[in-house]
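Asker: Chains as they are written, first to last, in the numbering used here: chain Z, 1 to 607; chain F, 1001 to 1607.
To be clear, the hints were calculated from the coordinates, so they are not data collected in a lab.
Note that the coordinates shown come from a computational prediction; the quantities given were computed from them, not determined experimentally.
One should not assume that every hint holds.
Claimed, not checked - Only pairs whose alpha carbons sit at most 16 Å apart, straight line, appear in this in silico EDC-like list of lysine to aspartate or glutamate: (1) 468(Z) to 1540(F); (2) 468(Z) to 1546(F); (3) 1468(F) to 540(Z).
Each chain, letter by letter, is given below.
There are 2 protein chains.
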Amino acid sequence: MPKIIQKEIISERLHKLRDKMKTGSIDMVILSNTDYHNSEYSSEYFKDREYFSGFTGSAGTLLVTKDNAYLFTDGRYFVQAELQLSNGEIKLMKSGTKDVPSISGFVSECAHKSDHVYRVAFDGRTVSASFGEKLSKTGNVEIEDTFYAGDYIWQSREKQTFNDIFSLDVKYTGEDTESKLNRIRKYMSDIGAGIHIVTSLDDISWILNLRGRDIAYTPLFFSYLIITDKKCTAYVNKSSLSDNAKISLKDKVEFAEYADFYKDIKSVVSGNDTVLADKNKINYSLFKILSDSGCKVVYRMNPSTKFKSIKNNTEIENLKKIHIEDGVCVAKLMFHLKRLAKNKETLTETDAAAFIDGLRSEISDYVELSFPTISAAGPNAAQMHYAADEENQSTLKEGEMLLVDSGGHYLRGTTDITRTFAYGECDEEMKKHFTLVLKGMLALSDAVFLKGCSGYSLDILAREPMWKEGIDYRSGTGHGVGYMTNVHEGPNAFRWRYIPGVSEYSELLPGMVTTDEPGIYLEGEYGIRIENELLCVNRESNEYGDFLEFETLTHAPIDLDLIDTELLSEREKELINNYHNDVFRELAPFMEGDDLNMLKKYTKAIK
Amino acid sequence: MPKIIQKEIISERLHKLRDKMKTGSIDMVILSNTDYHNSEYSSEYFKDREYFSGFTGSAGTLLVTKDNAYLFTDGRYFVQAELQLSNGEIKLMKSGTKDVPSISGFVSECAHKSDHVYRVAFDGRTVSASFGEKLSKTGNVEIEDTFYAGDYIWQSREKQTFNDIFSLDVKYTGEDTESKLNRIRKYMSDIGAGIHIVTSLDDISWILNLRGRDIAYTPLFFSYLIITDKKCTAYVNKSSLSDNAKISLKDKVEFAEYADFYKDIKSVVSGNDTVLADKNKINYSLFKILSDSGCKVVYRMNPSTKFKSIKNNTEIENLKKIHIEDGVCVAKLMFHLKRLAKNKETLTETDAAAFIDGLRSEISDYVELSFPTISAAGPNAAQMHYAADEENQSTLKEGEMLLVDSGGHYLRGTTDITRTFAYGECDEEMKKHFTLVLKGMLALSDAVFLKGCSGYSLDILAREPMWKEGIDYRSGTGHGVGYMTNVHEGPNAFRWRYIPGVSEYSELLPGMVTTDEPGIYLEGEYGIRIENELLCVNRESNEYGDFLEFETLTHAPIDLDLIDTELLSEREKELINNYHNDVFRELAPFMEGDDLNMLKKYTKAIK
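Looking at chain Z on its own, in the form it has when it is part of the complex:
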């Protein structure tokens, strides 16, 4: 059961908010949990929407008007939101269902009905540039983007936390900041931009070869960056800078106070400048400052976003090593589960998660988990974003499967792996579905393609075995993975549906790392996902162009107990056998005793 906040508490918070709205003649306030950098995970300081609504899901937006309040969230959270909003103060708006408008459409409707100019307020630093721009262009709407609801009412809020910032050695990054800045300045010069503003924390961390701990599951730090031809200025909480961070960037980067960014930027940018910025990453406040300055803004993807998606040789060598040690943890969990099943001993979802989290934490250069471990037994695994907790969780039953999706951040890189294990003997339908997922995963990993292909061109290879059975998995097939930054990090991805003007588009290039994670999710029954990370590599170049292929980074056994070999082609058997052969070779040095026996058993060639 998710935590439910008393009706009286929510009522009081909303009451105070509406008083404040009245003072400023505000008709609607928009609240989210987003930080100033549009980070995927949010730290406590930014959880305005959660504070005012009681809804704790990772995605959702709260709209408060004089008389009503509306919480927009998507299908993953309908059940949870219904519970957490059950006190009746706030109406649930099920995004994506019939008759529910988009947020901007809803604002437009409200403004249309209003007999005066409709004043919409939010903290522009927590709203994306594109969304804010869209609202600002809506008929009869006036925007107030400096409405700080948390500051006004959430008195108990802790300050924004700033943790130590440390340098990542070149033996991990493979390229120093000077070289990275040179490449960025070359790009700026090519497009005629004199100033480049970076606000996305992954880009900044990559450029500066620094890391922090300001956001859960994301070893980044709050910061802004301004790059010009001659200067590079990083806005950070200066007192958080460790000595090695300062030394590593001496004479290359100037540091300024994080809190001064919005004040400073107004004097940095003038009407004569050409500024490069990424409209998908900057927030609306900055967008407005740039628009008001009269400067020319070239909106393009940050060059560092593409640069960092192409891992260099040092990063690749590190990744290969850490994926083996990370795979050892997954294999050990698998063997632990198999032993328990054999002995009819029980295993709970949180026990399984604690087991693997504990193993990861023992790896020498472990930093933190790359996301909260998903450990889902039986029907729970049909929920793609299931989160077990101590009070509310399942114990594995004989004949059920356990889905474990987990990963870590290490100095040697970031991992993300999913395995689905049989606890006892599973039925034929489970095995059939597991085998279909495996066929899809293998087909994509076996792809050969010309340079110029995007993930949209390849996605169907993973999906076709499921589609032929009339099943879809309602999610992308895979996402890019950062190096000690974010576990979800583009621009590369595997998706089936491209929507012109909406979807991002990026070609696959050697050095990119993308997950390959098809699945089958049957509500009320079970969920299956098999996820490996694929490194894009060169295969051959000839008169037809440059052919690329994938090398699998992830090394952990795929549960042979769940494979129906009758459904596999000869090529598929060859692929799984070659993979398990590699897994044995790489993992065996880290195994002993019964684990080593189990590794042998679970990497045995199938016929």
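Fit chain F to the given chain Z structure using the hints.
Answerer: Frame of chain Z, contents of chain F only:
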């Protein structure tokens, strides 16, 4: 050997052109073979570029300046252009090769070097809106879009030809013009457009259920169409209208003279109107008239383009029937060739083409070929656009293959089919490559996919068997096919590389017909292509969405003599056997004697 025009003749034509340029203070003239409707095939009247350059290829643009002349063409025509331009008057510009700029880039360079405003002239009716607009925005360029080089100098030119326009009965079209206009007007109303201008001949023919014979291999007629809420005016050569054409559209469509369109349109459109037009289809002259009128133009794909790509039930039933009779012709050519090979008798490329063209012309509702039959023996088939002629052609040799790509327009629809046949015993490598092509063709035809997929999502299914061998076929996998309009007709297609902002994008929908034609082309050795037409159909709808699949329209044997069964999976054998089973069932009623025996032999199940 292509026809070469004497140097003196070309010199004289260019000399006269330059005199005319001098009179109008023109710095550069741009000449193409394009008609006013951007049709794929051009009629003689429009071949300005051919007249002034001597180059007869289907793609190419001639730029004439005071002192020089440049012919831009693509890789398909480098050899031919080098021969035809060998007199030295005109410099060949190999588009797509290193250091050769785009045409607009070249114009920009010339304008940049000029010490006065650079005046560029062309017939704006033969230049696309987008290209003309781009030139008009080029620095230091002034456009003169009413420069009619052909009228001025090409005195011997015949008049634009207008042939009979006839009505296509609703038993062929399945929907009358009133219903089509209703759908278009609904679309116009939805987007707030009061006037819709259509200039593409396929759209007009489809809307009016009329056909003509004004362009080779394309049963269309020169025309423009203006649709408003109340009125529909067709600009045609009125004396070409047959009685049945006039009767079929009585009280629904008004006819005006083709020659009056540009005069009339200026009075039809005013500053208060909202006009719907397709920027990819209208020419620059019309674009300029619309821009100058001050009206609001909504540039979108013509609604009829999408409507007509989705074949209705009547069209589908007709297509299924004609594809059987059309397939009979292909099968008979195959059996003819096999008998000749057995008896060591010879067959030339043009004999093979004449044989199949003759068979098609005997079909009851045959109208014309849908494109010039490609009949290419041995190494000639490696050229994708090979055209044999009586003087310059090959005779099949033992162990060679013959590639025949052909099709017809019939009242019951348009066909396009390619088969590659073994003449005698072919070697193992040929068989391997033929089998790879077959695997790709079958994989795409066997696809199951969710509604929302485009041809970009599916293309890799056809290409993967070749790509895994490091081979590509350097063309799209397939194109849409019209119904008694164009053999190449979008928006549907199978392509592997999507280029944002450049490529068209369209989802695959039930009723669309697209070719599936992978191939392997080895220069100097041989060429293989297998082409079937696929009809997109519903498969099942469930909680995941609407699943679609394909039904193969084309019915003709695929040469078993060239299949290496060792390379086929069980599923692939099942697919080819099912296909051949259908082919036998459908074609047998049209066969007798040895042809029937051969049909049995060449549709036999493989094990």
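Asker: Which hints, by number, does the structure contradict?
Answerer: none
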